[in-house]
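Colleague: What follows is each chain in one-letter form.
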Amino acid sequence: MDWVFLTELAINGALTGLLYSLFAIGLVLIYKASSVPNLAQGGLTMVGAYVVLALARDVGLPLWAAIPLAAVLMFGLGFGIERVALRRLAGRPVVMILMLTLGLDIFLRGTTLAIWGGTSRSMELGVSYEPLFLGDIFISRIHLVGAGVAIGLFVAFMLIFRSRTGIKLRAIADDYMASWSVGISVERGVGLSWALASVVAVAAGVIWGEIQGVDQALSLLLLKGLAVAVLGGLDSILGAVVAGIILGVVENVGADFLDPLVGGGSRELIVAAVLILTVMIRPHGLFGHHDIERV
Amino acid sequence: MFYRLSGVHHANYVSDSRIFKVPADRNLAVFVLLFGLAAPFIVPSLYLNSYMLPWLIWTAAALGLNLVTGWAGQLHLGYAAVMAVGAYSAIHAARFGVPWEFALIIGGLASSVIGSLFAFAALRVKGLYLALTTLAMQFVMDWVLTHSPTITGGSHASLQSPTLALLGQEITSDAGYYYVAFGWCVLVTIFMLNLKRTGLGRALVAVREKDFAAAILGVNSFYYKILAFATSSFIAGVSGALLVATFFFLAAPEQFSVNVSIQVLAMVIVGGLSSIIGSYFGVALILLVPGLVNGIVAGGSLSLGMQINVETLAHIPNAVYGALIVIILLIEPLGLGKLYGNIRDYLMVWPFDQLRK
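If you read the protein sequences in the order shown, they are chains F and V. Using my numbering, the first residue of the first sequence is number 1, and each one after it goes up by one. Using my numbering, the first residue of the second sequence is number 1001, and each one after it goes up by one.
Don't read these hints as lab results, they were simulated from the structure. Here the structure is a predicted model, which is why all the values come from computation and not from measurement. For glycine and all other residues, C-beta sits at the position ideal for the given N, C-alpha and C. Mixed in with the good hints there might be a few duds.
[Said to hold, decoys possible] With the C-beta cut set under 10 Å, the calculated list includes, among others, these residues of chain F facing chain V:
#1 P93
#2 R109
#3 A114
#4 W116
#5 L223
#6 P283
Let the hints inform the model, and build the full structure from the sequences given.
Modeller: Printed below as a string of structure tokens:
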């Protein structure tokens, strides 16, 4: 047993896991406010990355200006999606809301590719591809940056949830009927959660776009994001961060053991297994509320 | 005026338990059935085999999913995986030399067994969590298919389907394939029409509405959930096998990927949960309209002299497909079946609207 190698796998797994958290935070924000499972988060992430690239390449803005501008645009898009689509289906059975977000996902993906084409583009953030050496351990710089962004967003959301607006959001998450009756605008709160999730999608899109290129594969993060969100408890941001680290380590170390046995590609299998086992054993996840209705 | 009725009024139980409670509906069904039988002589064979045949088989598959999602109320995002089990077992059986009649049944039964595994998730959780679990199971099945060459047929990952032969007749003509699809679709439709008025159908609806209320009434919800999953998986398996045998001719794992699961669910929901005629409409819309729109856009841009990027054209059907799902759900969350029902209810009593039932 090579402990250095194992540590390297675990550390890089944890960093990758934090990048999954970056994606999952968007899912959690929306689920927390409106109990809607946002299966369009993959599509939003893809749109976010493409918008940043469009601003940087086609308009010619520098990246440091393109990313905040894209965040503002996506904030508007998130608000708009909630206003036009989700609000009209509020209170409908979950199957219809799931289908609506799936339809949105397909629509966003199709439109993005129809406008910008499907060939993979590179983000070119300017982060060096040279690995960082920590003793004998290699660490990828971009993963480190991404993990920093994920933790930064987590801290930012913790602070936002302490502000006046954030307290309103927490009230809506806790009980929207009660929030309504004390005069909190639930609609605006839910819209805000969609807008914030879209901003998170820009961050995830930029980091993941740098790692694997900006193309359709960005929307495939959905399964991993869902596994992280469910493992953490669908309504806990802290849960998303912790579960991201856990899933990343399990995936990276597990794939190293399993790949030689099954001939490669066991990562997806591990993620799916984590999702199934979480739902079967502990549906409310590590930090979620206990009000999951069991059969 | 159109229906020669002023509402549906039953005078006895026999009339209440008829399949078609309105004579005009029955006449319409007979007309559609006759048209379906005559289609190979009327419709050009290009349209027959590239539009009507997949439409009929997907309708049969969608009706199977409707049984479990619409009637029993269990979300299922792994339906394509179940279809794959049926397709691969039937084709392997047929390649092994089993007659096609039995191969199809073997495919259906194999699907039932695997599909019942999905039911064990349904025994534990429901709603969103069931959807996520079945989605994860679909990914597991995709993985198994792409990683086991013995099932999917070696390095090319495609498996040739042997020539379809039913009742000792080899089927090779376009009309023959069409009649096989048509027969299967009619069979499934008759089953689903009758489901409404059987104890099984009522029990499933009871489970959907409130499972513990159903338990109080003496309906064993565990038993009926497994039964619903097994029955719908049987339909899925045979439909998957027929799809490969009469339409694709080659089985490949992408034909049963997660996108296909989402597509079948979209067909069911756009058509309308627990609506049979809705499933026909939903499948037609999801399967045919994106291609039609693409044709219109391509033709329009050509006649206007505009140059549209090839890649743009390739992705427009997807955008349209997503937009259709969203628009239909926003206009009428209960789907096209409900829209049809609204029009029918309006015409039923027109012009005597005050007599609405």
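Colleague: Would the hint on P93/F be counted as holding, given a Cβ-Cβ threshold of 10 Å to chain V?
Modeller: At about 8 Å, which falls below the 10 Å cut-off, the nearest Cβ of chain V leaves the hint on P93/F intact, so it holds.
Colleague: Given R109/F as an interface hint, is the shortest Cβ-Cβ distance to chain V below 10 Å?
Modeller: 7 Å, holds
Colleague: Hey, does the A114/F contact hint survive, CB to chain V under 10 Å?
Modeller: Status holds, d = 4 Å.
Colleague: Would you check whether P283/F satisfies its interface hint, that is, whether its CB is within less than 10 Å of any CB in chain V?
Modeller: At about 5 Å, which falls below the 10 Å cut-off, the nearest Cβ of chain V leaves the hint on P283/F intact, so it holds.
Colleague: Using the nearest Cβ pair, does L223/F come within less than 10 Å of chain V?
Modeller: Holds - the Cβ of L223/F comes within 10 Å of chain V, reaching about 6 Å at its closest.
Colleague: Let's test the interface hint: is any C-beta of chain V closer than 10 Å to that of W116/F?
Modeller: 9 Å, holds
Every hint, counting from the list given before, is met by this structure.
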